[in-house]
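**Student:** Kindly generate the complete structure, drawing on both the sequences and the hints.
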Amino acid sequence: MMRLLAGLLMALAFAGAAAAQPVDTGHLTAELVPQARGIAPGQTIYVALRQKIDKGWHTYWKNPGDSGEPTQIKWTLPPGFTAGDIVWPAPHKQPIGPLMNYGYSDEVVLPVPVTAPADATPGQTVTLKAAASFLVCADVCVPEDAVLQISLPVSAGPVGADPQGGRAIDKALAQAPKRAALQAAFQQRGPALQLAVTGAPLKAANFVDAYFFPYSATVIDHAKPQAIEQGTEGLTLTLAPGYDFQNGPGPSELAGVLAVGGQAYEITARQAPLPAAAAGLGPPAAAGGSGAGSSTMSLIPAVLLAFLGGLILNLMPCVFPILAMKAASLAGHAHEAAAARRQGLAFGVGVLATFLILAAVLIALQQAGQAVGWGFQLQSPAVVAGLGLLMLLVALNLSGVFEIGTSLQGAGGTLATRSGLAGAFFTGALAVVVAAPCTAPFMGPAIGWALTQTEPAALAVFTALGLGFALPFVLVAFVPAFIGRLPKPGPWMDIFKKALAFPMYGAAAWLLWVVAQQADAAFLARVLAAAILVAAAAWIGGAAQRGHAMGRRHVPQAALAAGIGAVAVAAAFWPVSAPHVEAEPYSAERLAALQSEGRPVFVNYTAAWCVSCQVNERVALSTKGTAQAFKRYNVAYLKADWTKKDDVIAADLARFGRAGVPLYLVYPGGGGDYAILPNLLTEASVVKAVEAAAKGSR
76 MMRLLAGLLM ALAFAGAAAA QPVDTGHLTA ELVPQARGIA PGQTIYVALR
126 QKIDKGWHTY WKNPGDSGEP TQIKWTLPPG FTAGDIVWPA PHKQPIGPLM
176 NYGYSDEVVL PVPVTAPADA TPGQTVTLKA AASFLVCADV CVPEDAVLQI
226 SLPVSAGPVG ADPQGGRAID KALAQAPKRA ALQAAFQQRG PALQLAVTGA
276 PLKAANFVDA YFFPYSATVI DHAKPQAIEQ GTEGLTLTLA PGYDFQNGPG
326 PSELAGVLAV GGQAYEITAR QAPLPAAAAG LGPPAAAGGS GAGSSTMSLI
376 PAVLLAFLGG LILNLMPCVF PILAMKAASL AGHAHEAAAA RRQGLAFGVG
426 VLATFLILAA VLIALQQAGQ AVGWGFQLQS PAVVAGLGLL MLLVALNLSG
476 VFEIGTSLQG AGGTLATRSG LAGAFFTGAL AVVVAAPCTA PFMGPAIGWA
526 LTQTEPAALA VFTALGLGFA LPFVLVAFVP AFIGRLPKPG PWMDIFKKAL
576 AFPMYGAAAW LLWVVAQQAD AAFLARVLAA AILVAAAAWI GGAAQRGHAM
626 GRRHVPQAAL AAGIGAVAVA AAFWPVSAPH VEAEPYSAER LAALQSEGRP
676 VFVNYTAAWC VSCQVNERVA LSTKGTAQAF KRYNVAYLKA DWTKKDDVIA
726 ADLARFGRAG VPLYLVYPGG GGDYAILPNL LTEASVVKAV EAAAKGSR
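Residues 76 to 773 in the numbering used here are what the sequence shown lists, from first letter to last.
Rather than coming from a laboratory, the hints here were simulated on the basis of the structure. One should not assume that every hint holds.
Here are the simulated lysine to any residue pairs, SDA-like style, with alpha carbons at most 20 Å apart [claimed, not checked]:
1) Lys714 with Ser760
2) Lys299 with Gly325
3) Lys127 with Pro145
4) Lys706 with Arg674
5) Lys573 with Arg621
6) Lys204 with Gly337
7) Lys714 with Gly638
8) Lys149 with Pro197
9) Lys137 with Pro252
10) Lys204 with Glu219
11) Lys168 with Ser291
12) Lys253 with Asp160
13) Lys714 with Leu728
14) Lys127 with Ala231
15) Lys278 with Glu219
16) Lys137 with Asp160
17) Lys720 with Ala663
18) Lys720 with Gly101
19) Lys149 with Gly159
20) Lys127 with Pro164
21) Lys253 with Lys278
22) Lys253 with Thr343
23) Lys573 with Ala610
Pair ranges (Cβ atoms, derived) [as the list claims (entries may be wrong)]:
24) Asp129 with Gly155: 32 to 40 Å
25) Thr757 with Asp129: 25 to 33 Å
26) Ala574 with Ala279: 15 to 23 Å
We put the beta carbon where it would ideally sit given N, CA and C, even for glycine.
**Tutor:** Given below as structure tokens:
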């Protein structure tokens with residue numbers, strides 16, 4: 076009976092000894108949970124810091140990105156016990172304005188390995204204490220702390236999983252980034268870093284959302300997009316270099332987490348030549364080979380594969396809007412054999428010329444050491460935005476908003492014929508540019524082979540690709556049996572033409588979506604504004620054309636349309652520079668001294684880890700209008716930097732009824748009541764506040 080009672084008491088001890096009370100820090104609830112119900116002498120188990128984060132708030136990964144601070148744990152352990160490093164789950168991207176941060180929301184479990192000494196006494200209960208500090212952010216950032224503890228019995232041997240923490244910790248460990256059979260290399264290529272990763276785990280991966288989270292905060296520009304290029308055995312990411320690469324060759328290694336296809340891998344890339352199998356260039360050349368002998372493929376099979384790939388490329392979704400536009404053009408000449416043949420030839424020449432130009436540029440970049448592949452031109456947000464605006468113009472033209480090459484009444488003659496041929500050539504060129512992101516079956520091996528050969532062989536392959544792409548429409552234009560099946564011209568053509576505008580609108584929307592993946596929100600907003608101006612210019616231009624057809628003077632309208640078009644281009648692509656407003660460190664003494672001089676004072680309570688602070692800095696405090704206003708009214712700018720713990724700033728924030736940053740105060744010179752600005756600033760609100768403070772100083 077005594078043994079049974081002792082056993083029951085021991086079981087109760089192991090069942091309940093690990094219980095610990097969660098701590099509400101203000102915007103999250105923190106607690107320690109163990110992996111097992113006890114720990115044996117010399118055993119290592121995981122004890123996790125579990126955060127349940129309030130809705131709309133988030134904490135940070137080990138590298139927080141552009142701003143923020145990672146969660147930190149300071150342990151107080153019994154003698155002989157040791158704690159290792161946090162096992163960080165893969166983070167989530169947290170884009171906020173022009174910044175990119177990395178962290179967690181809702182709930183996150185951070186396991187830490189804890190090891191008991193070999194001489195730990197079974198039967199005793201030990202207490203593990205952890206002082207945890209968090210930075211919790213939404214539109215403001217608040218540092219929060221919790222002192223947590225948990226009691227664990229020391230068992231004679233390993234025991235079962237803890238009912239609270241066991242499953243959560245096992246899941247976190249299973250999903251944590253791990254080393255795998257991956258090879259990684261990087262090189263700096265002009266203004267970009269190329270990171271190539273290959274290996275068996277990536278052969279069946281979905282690369283759409285691939286992303287590299289570096290461990291260091293200064294190796295890349297986190298806010299810049301990461302362009303993805305898929306290869307036969309992996310992928311290449313194009314990254315924007317960070318501070319570490321600005322004043323020298325940069326570090327010899329890039330370490331971090333590659334998230335791809337729902338998995339996360341730890342990788343360490345070293346500076347080395349990039350493998351072709353990671354860059355969308357087909358199979359790599361044989362080691363030590365070059366020229367025609369570097370692959371088992373020869374010229375004739377490569378040309379045939381390229382020709383077949385060009386034929387199939389016509390079926391790719393990205394090409395459909397352009398080919399639909401060409402179909403409308405051919406339908407207009409369905410019963411004019413000579414005109415149809417000229418249209419078909421002009422289209423074919425446009426296709427071939429553009430294929431060869433792109434091939435020549437691609438080969439030149441390859442020989443210059445650039446890691447680029449097919450579709451390289453659409454890796455530039457500016458090029459993609461320009462194509463999107465061009466697609467919008469084409470769609471507006473098909474909708475009848477304005478006309479190209481002819482009046483509304485369909486003037487004929489030589490001019491219209493020439494315009495039609497130019498339009499057919501342009502359509503062929505545009506089809507190739509838009510088709511570039513697509514890779515049809517058979518294209519990959521052919522292009523990969525071509526880029527390891529001499530220039531004549533490579534150009535022969537690209538010529539075959541262009542011939543295959545152009546052939547269907549050229550064939551329709553030259554074969555009477557095909558063209559005769561088209562209905563005779565009539566009112567249906569106008570309906571057909573306007574219906575084809577909608578695929579073009581879809582193409583424009585798709586390209587703007589691509590811009591949104593490549594560039595920041597500010598650039599996307601400029602492109603959307605440019606799209607509105609382009610549409611307005613097209614509408615005014617169309618009104619001018621209609622007025623001209625009715626005999627009215629149209630020069631002012633045409634000039635206005637051209638002017639709005641120029642403004643649209645400037646709005647989208649004109650480089651923007653942000654003026655810098657000089658700041659002094661904040662202190663109460665400096666504030667009093669500046670006020671005694673009669674100067675207005677702007678005080679910015681901020682921190683490097685505060686997301687809202689950094690957004691406000693870029694969109695409101697570093698603008699030309701703000702800089703001019705500070706200069707005009709002789710405003711002194713003081714920064715109270717709370718990046719590191721500062722009791723004086725904390726007391727100031729409490730005095731103003733705030734728990735965290737940002738906080739913006741404007742003081743009139745010579746004393747007087749201060750004004751508190753909103754947490755989210757605009758240039759107009761800052762200028763208005765300092766203007767009011769300056770008037771109050773007089």
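**Student:** It remains to establish, for every hint, whether it holds in the given structure.
**Tutor:** Now the hints, each set against the structure:
1. Lys714 with Ser760: The hint holds at about 18 Å.
2. Lys299 with Gly325: Roughly 18 Å between the alpha carbons, so the hint for Lys299 and Gly325 holds.
3. Lys127 with Pro145: holds, 16 Å
4. Lys706 with Arg674: It holds: about 11 Å lies between the C-alpha atoms, which stays within 20 Å.
5. Lys573 with Arg621: Holds - the C-alpha atoms of Arg621 and Lys573 are around 18 Å apart, at most 20 Å.
6. Lys204 with Gly337: Cα-Cα ~35 Å, so violated.
7. Lys714 with Gly638: violated, 43 Å
8. Lys149 with Pro197: violated, 26 Å
9. Lys137 with Pro252: Holds, because 13 Å separates the two Cα atoms, which is no more than 20 Å.
10. Lys204 with Glu219: holds, 17 Å
11. Lys168 with Ser291: holds, 16 Å
12. Lys253 with Asp160: Given that 20 Å is the threshold and the Cα spacing comes to 15 Å, the pair holds.
13. Lys714 with Leu728: holds, 13 Å
14. Lys127 with Ala231: The hint is violated at about 34 Å.
15. Lys278 with Glu219: violated, 43 Å
16. Lys137 with Asp160: holds, 11 Å
17. Lys720 with Ala663: Roughly 17 Å separates the two Cα atoms, so the pair holds.
18. Lys720 with Gly101: holds, 18 Å
19. Lys149 with Gly159: holds, 11 Å
20. Lys127 with Pro164: The given pair, whose Cα atoms are some 15 Å apart, holds under the 20 Å limit.
21. Lys253 with Lys278: holds, 17 Å
22. Lys253 with Thr343: holds, 12 Å
23. Lys573 with Ala610: Cα-Cα ~16 Å, so holds.
24. Asp129 with Gly155: 32 to 40 Å: Once the Cβ atoms are compared, 38 Å apart, the range 32 to 40 Å for Gly155 and Asp129 holds.
25. Thr757 with Asp129: 25 to 33 Å: Check passed, 27 Å falls within 25 to 33 Å.
26. Ala574 with Ala279: 15 to 23 Å: violated, 40 Å
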